[in-house]
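**Q** Letter by letter, the chains look like this.
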Amino acid sequence: MDLQPTDDQLALIEMVTGFASDRFPIDVVRSFGEPNGFDRDRWTELAALGTFGLALPEGEGGVGLDFIDAVLVHEALGSALVPGPLLAATLSAGLVDGVLDGSVLPAIVDIPHDGPIMVEYFRSSDVLLMVGDDGVRVAPSAHAVGIDIVHSTDPTSPVSILESVPAGDLIGGPELAVAWRQRGSLLASAQLSGNSTGSTNLAVAYAKEREQFGRPIGSFQGLKHLLADSWIRTEIARSSVWAAGVMIDEPDVGSVDRAVSGARLTAARAATENAKTCIQVHGGMGFTWEVDAHLFLKRAWVLETVFGSVDDAAEIVANLYAAD
Amino acid sequence: MHLRDSESDAQFRSEVREWLRGTVASLPEPPATEDWPGRCSFDAHWQGLLFEAGYAGINWPSEHGGRGATPTEHLIFLEESAAAKAPDVGIGFVGQMHAGPTIIAEGTEAQKSHHLRGILTGDHAWCQGFSEPGSGSDLASLRTRAFRDGDDYVISGQKIWTSHAMAADYCEMLVRTDPNELKHKGISWLIMPMNLPGIDVRPLVTVHGSTEFAELFLDEVRVPVSNLIGEENDGWRVANVTLSFERGTGFVGELLDTTSVFRDLIALARSTKRNGATVWDVDGIRHEFGILGADLDALWAFTKRNVSQGARGGMVMGSGSGFKVAFATTQHRLGDLAIRVLDRASLSLDDVDGKPTGELVHSKLHAFAISLGGGTTQIQQNIIAERVLGLPRER
Chain A
1 MDLQPTDDQL ALIEMVTGFA SDRFPIDVVR SFGEPNGFDR DRWTELAALG
51 TFGLALPEGE GGVGLDFIDA VLVHEALGSA LVPGPLLAAT LSAGLVDGVL
101 DGSVLPAIVD IPHDGPIMVE YFRSSDVLLM VGDDGVRVAP SAHAVGIDIV
151 HSTDPTSPVS ILESVPAGDL IGGPELAVAW RQRGSLLASA QLSGNSTGST
201 NLAVAYAKER EQFGRPIGSF QGLKHLLADS WIRTEIARSS VWAAGVMIDE
251 PDVGSVDRAV SGARLTAARA ATENAKTCIQ VHGGMGFTWE VDAHLFLKRA
301 WVLETVFGSV DDAAEIVANL YAAD
Chain B
1001 MHLRDSESDA QFRSEVREWL RGTVASLPEP PATEDWPGRC SFDAHWQGLL
1051 FEAGYAGINW PSEHGGRGAT PTEHLIFLEE SAAAKAPDVG IGFVGQMHAG
1101 PTIIAEGTEA QKSHHLRGIL TGDHAWCQGF SEPGSGSDLA SLRTRAFRDG
1151 DDYVISGQKI WTSHAMAADY CEMLVRTDPN ELKHKGISWL IMPMNLPGID
1201 VRPLVTVHGS TEFAELFLDE VRVPVSNLIG EENDGWRVAN VTLSFERGTG
1251 FVGELLDTTS VFRDLIALAR STKRNGATVW DVDGIRHEFG ILGADLDALW
1301 AFTKRNVSQG ARGGMVMGSG SGFKVAFATT QHRLGDLAIR VLDRASLSLD
1351 DVDGKPTGEL VHSKLHAFAI SLGGGTTQIQ QNIIAERVLG LPRER
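Chain order of the listed sequences is A and B.
197 is the number that the working numbering gives to position 197 of the first sequence; each next residue is one higher, with no gaps.
1252 is the number that the working numbering gives to position 252 of the second sequence; each next residue is one higher, with no gaps.
Since the hints were derived computationally from the structure, they do not count as laboratory data.
Keep in mind that the hints are not guaranteed to be accurate.
As the list claims (entries may be wrong) - Residues from chain B shown here face chain A by an in silico Cβ test under 7 Å; the list is partial:
1. 1002
2. 1290
3. 1293
4. 1297
5. 1302
6. 1305
7. 1313
8. 1314
9. 1328
10. 1332
11. 1384
12. 1394
We treat Cβ as the ideally placed atom computed from N, Cα and C, and that holds for glycine.
With the hints as extra help, turn the sequences into a complete structure.
**A** And the structure:
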């Protein structure tokens, strides 16, 4: 048992974090959400880093690491709010030509039984991946009719509504759909965990610098306790995200489904609550468009719906505990 | 990163499991909660069995009579002990977890040879005399005085929250040896035998009615100067050396107990009828079970992270405080859920309908032991804010 990152893993996290702050600073993140703002060159740079093929075998063009390594990288990407169809690319890199090197941009939809078919990044995508109970299908995005939403709730996650899903070609059966839902859910939770770190760092920096009553507001216990709670929520979230990631690699050690659903619950809570704390700590400025605090909250709201809701997750954890 | 046992850990786990299976079955019935003499001899008997089998002081260095196990082996031992329903450390807590490690780190050879073996064999129980009525969160303001008189310190004052004082043979004491120094500087760490004249032990009943807490009233108790651990007036540092022994296993016993309560509560919800179905069929209750199950799994993962870091020779700053705050929140929430599941049966602290309802009501009250004991949640939040996040001190 060893549930702390190895030196190699720490180096990987540092590399991705450095890349994100260099090539995806917040103004670039914001620009991705503007009409025609998707920067394919930067996406290709991200792909060239090996981001989407981390857990693919080397023989298939991947890096040949474990799934937990992909989890750690998605955590780092989430912390910097790196935009784009990260999950779609990571899940499909070994199966859809061109995704691995960034030349083909995928969008993904977990086909809902009811309600609108909302797809992030559909408007920029080349192919549409469709996850259904009978398997996974792929179609050129041009085969689907979608209406681009003018005002996405998260300005850095442009979204479209599809009228229907095209038939597409089957690239895997029900087992692949199950695996993608499980892995996609956990990668989204990893981004949520990272998101909670990003908003906490932003809030802590502001609390040290902003002065009221003649001293930094971070010296007041009222704020200290808010920020300590943010840090704790992040540590809890990343603990369950990491454990679930390792369990995907070592499925014999426990219930992977329970771990993945548990990770969604703790990571969604950490991301949404910490982002709210971040806005609160920024005071009135936190309520403005120009301060980045709201971008963390809005991204968290998107991610917590990806491959399962928190209510589904709670139901799964409860029932698996009861069956155990 | 891994969750699987290594080959040697798997081997250790199976040895421990085998030993526990045979040994736990041979134990007598545990005594009643308030039967102090019975509890003392039961706990001492168990500790003696651990000692004979080489499991006493599992995380103590082997040169001091311990097993010198790795943090991971320690965690495995605790997991297997819980699975086998083995007794917990009981009245051995202060000696094994705090006084013993402190003596190992700071004691003289004479002090080590006089005290360590008795802790390991279970012959000697210890209690802790740190907190005072006026010195809780601000422990360094403590005022119990120790005057030097020849070869003795003469101690007068009052201590509080001294668990198991009525059963203990020794007390680890923090006393003020220099009244002119404020706060941390004038404090010393002393071993006080509990059979000395001038010690008055008065039980302090807790919210769930147990009497393990006590107050100590000390009236000119004469303790030999040779019982000083470390230098005079250096006791604050001495009291903190055990923090450096922490390897992430500190709350494992409590977490195991809580997980077991959680599973009992699921079983109860599934077997309790309500409105023509069961309590488990209430969506809101099942949802809360899901959230708490996720939190408990996360606390286990957090523990494993901390133990993994401990195995590398240190703890991540703030991880102990963070664990404790999160664990306290989960415990309180679990207590609230227990009341929702029990409904009117929660009016009784004794079991109702032959189900373990009393234990569940107790667990609700016990949550305060986590959010208050060993530094309140608010003190832990201050520690995280200042030492981890680097926020400025208030003054």
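**Q** Take the hints in turn and mark each one as holding or not.
**A** Consistency of the hints with the structure:
The restraint placing residue 1002 (chain B) at the interface with chain A holds, with a minimum CB-CB distance near 5 Å, inside the 7 Å limit. With a cut of 7 Å, the hint placing residue 1290 (chain B) at the interface with chain A holds, because the nearest CB-to-CB distance is about 3 Å. A distance limit of 7 Å between C-beta atoms decides the matter here; for residue 1293 (chain B) the minimum to chain A is near 4 Å, and the interface restraint holds. For the restraint placing residue 1297 (chain B) at the interface with chain A, the shortest Cβ-Cβ distance is roughly 5 Å, inside the 7 Å limit, so the hint holds.
Satisfaction of the interface hint for residue 1302 (chain B) is found here, the shortest Cβ-Cβ separation to chain A being roughly 4 Å, below the 7 Å cut-off. Interface restraint check for residue 1305 (chain B): the shortest CB-CB distance to chain A comes to about 5 Å, inside 7 Å, so the restraint holds. Below 7 Å, beta-carbon pairs count as interface contacts, and residue 1313 (chain B) has none with chain A, the closest being about 12 Å; its hint is therefore violated. Here the hint on residue 1314 (chain B) is broken, as its CB sits about 11 Å from the closest CB of chain A, past 7 Å.
The closest approach between the C-beta of residue 1328 (chain B) and any C-beta of chain A is roughly 11 Å, which is over the 7 Å cut-off, so the hint fails. The closest approach between the C-beta of residue 1332 (chain B) and any C-beta of chain A is roughly 14 Å, which is over the 7 Å cut-off, so the hint fails. At a threshold of 7 Å, the smallest CB-CB gap from residue 1384 (chain B) to chain A is about 4 Å, leaving the interface hint in force. Hint status for residue 1394 (chain B) relative to chain A: holds, with the closest Cβ pair at about 5 Å, below 7 Å.
Hints 7, 8, 9 and 10 from the list above are not met by this structure, while the remaining hints are.
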